[in-house]
Every structure is written in structure tokens, then in C-alpha cells.
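**Student:** With the sequences and hints as input, model every part of the structure.
These protein sequence lines are chains A and B, in that order.
Going by the working numbering, the first sequence opens with residue 1, and the numbers climb by one from there.
Going by the working numbering, the second sequence opens with residue 1, and the numbers climb by one from there.
Simulated from the structure, these hints should not be mistaken for lab results.
Ideal placement from N, C-alpha and C gives every residue a C-beta, glycine not left out.
Careful: at least some of the hints might be erroneous.
Here chain A is said to cover these stretches of chain B; the calculated rule only asks that three of the stretch's residues, wherever they fall, bring their Cβ under 8 Å from a Cβ of chain A [said to hold, decoys possible]:
#1 74–81
#2 84–97
#3 102–113
#4 118–132
The primary structure of each chain is shown beneath.
Number of protein chains: 2
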Amino acid sequence: MSEFRKSDVSIIKALRRKGYKATPQRIAICRFALQSRNHPSAKRIFNKIRETYPTVSLATVYQTLKILKELSLVQELNLPQGQTRFDPYMKPHINLVCLRCGNIIDLDSPIAQEIVGKVATAAEFTVTEQHLDLYGVCEKCARKTENLNLDLSTA
Amino acid sequence: MSEFRKSDVSIIKALRRKGYKATPQRIAICRFALQSRNHPSAKRIFNKIRETYPTVSLATVYQTLKILKELSLVQELNLPQGQTRFDPYMKPHINLVCLRCGNIIDLDSPIAQEIVGKVATAAEFTVTEQHLDLYGVCEKCARKTENLNLDLSTA
DNA sequence: GTAGTTGCAAAACTTTTGCACGGCA
DNA sequence: TGCCGTGCAAAAGTTTTGCAACTAC
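**Tutor:** This is the structure we're talking about:
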């Protein structure tokens, strides 16, 4: 298959190393999930992949995402209302989840690593995964509200 | 209703302050959710309340939990596989979620408050809620594995 | 060639919604 | 008494599963 990109090689290798077959669908899903910087949901990945592979099924997307989790290539973000989003940024970091626009910002901070270390020793807890999520209103949305308030007060 | 306990008074007050009626079912759900220290799921709360109010419906439990969130009396914990658990401990804290036994330990740590403050200013993000969850293996489960290994090696 | 994968459909679950009845204030 | 809340059932949504056909190795 000549459509594979250079970056696909490492994906294929990672899959095979664990005994998984590197099917075109899987590679496409992995490629999208790993390159994505906007924390897509399974459904969103599904819709995107379907543009290239119209016959792909949602079940395959879920199955592939499960493999990616197993390979420690993506993290799962569990939001309220049963929403699940995926994040290929695996370094310990803080997620800023805007409750207005739904955007999620990855925030690099030394505190993230600090927490894992300190807490693990304090509570004798072996940490395998961390989810440091702050919910609230992002700067953009906050500004929108400000403008809205101005509009209302001048109306 | 003579079955109300002293602690119910504050629940009733909190409900009425926001214009919600204090029905027996609501009080029972609130009482259980607020006193619970083991992070129950909606279903678990439902099963417990049904012992006292056999006709209560799951929809009522969800509705009441939504009110409790609105009153800032419980936090929602979103775990993998769409599991949602509830936590009446509202101080910023860290949750240690054991992936083996499913237990969740509340860990008080000054870091929790620190994060909210630092991050908020750094990213101009207005934090309304924080979920600092560390997933892994708790000390008890780790010890069980150790024993298991010993058993296997001596077999 | 063979074992693992896919795609479809249906199942399993959690959470939400609409509506008639009933109970709180 | 009036309005809100409850309970039931059904809907909506996400994730999982079973199985026949297919394909990567």
C-alpha cells in the first residue's frame, strides 16, 4: 500500500510488536488519533475515518482505541454525561476543560509530575495513569460573556 | 415525619433555599449521598434507597443528584467505561482510584489547592471544578499480588 | 492457509425525557 | 388548591458482543 506515510511506520511497528495486525483501517485510526490535538471523541474519529474508509464501523474504532490505550499511546478523558475523549499527549499534564465551548487545553506544568511522585509515596499507591482535569470557563468564552454583559447593559 | 434525623434539617433547608421541595425520597437520597464515604454510583444509590422506598425510580435518583451538584454538595467522578460516581467531599482533593478493586480514596493534599490557583492565573482560566484523579493499584491490592506471586513460585 | 479483523446488527448500559398521577406547601 | 415532583416507560446515546466473510501475514 503506497498510501502509507512515513509516520505510519512507527504505528505499524508498535502494532506488530504486540502481535496486532496492521490493517489499513487501524493505521488510519491510529494516525488520526495520534496526530489529533483537539481531543476527539470516538464518534468524531469514526466520522473522520469514514471519509476515507466509508465501510469502517464504530466498533472497529472502539477496538482500535482500546489497543492504543493498551500500547500507552493515548489517554482516555472521561467527561461528564458519559462523554469520552481521547488524548495522544501522554506526558503528565493538566487538562483545562471549558464547560462552555467544550474545548480542552493541554497544560504542561511541572506540578503534574510532582503530584504523581509525592502522592504515590505518601499513600503507597502505584500510579499508572493520571487525570488532572480542571473544569471551568476558558479565557475566550469568558471574554464573550463580558461582551454579552456590555451589550445587555447598553440595550 | 418523625423519621427525619437531625442532619436532615440542613438538607431540607438547602433544598428549600433554592426553591426545591423537600420530599421524603429526595431527603433519603441526599442523606445517603452526603453521608456516603465510598463514592457510590447512581445505581448503587438507587438500590440502597429502594430498600426504604421500594417505589423510587432511577430517574428520581438522577434528578436529585443533579440538584445536589447544583447545590455544590456533591462532585461527580467520571471513570472509564462511562461509570459515574459521586463524592460528597467537596474540598479540593486528589482521588486515588484503584483499577483492581474499584475503591476510591480521598487524599487531602495542599497540592490540590495549589494547582487550582497557579493554573488559573497562568492560563487565564476560571476554574469551577477540579478532578484530580490518579489511577493505579492501591496498597492492599498490591500486597495481594505479592502474595499471589509467592504462592505461584512455591507451587 | 490460517488466525486475527472487519462490518453489521443487536445487545447491554447509563442517562434523559414526556406525561399522568399524587403529594407537599 | 395549585404546582412541583414522582414513577413509569420509552427514548437517546454510548460502548460491547456475536458471527459470517474477509484479509494481512
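**Student:** Decide, hint by hint, whether the structure agrees.
**Tutor:** Cross-check of the supplied hints:
{"no.": "1", "hint": "74–81", "verdict": "holds (count 4)"}
{"no.": "2", "hint": "84–97", "verdict": "holds (count 3)"}
{"no.": "3", "hint": "102–113", "verdict": "holds (count 4)"}
{"no.": "4", "hint": "118–132", "verdict": "holds (count 14)"}
Against the hints set out earlier in the document, no violation occurs for any number.
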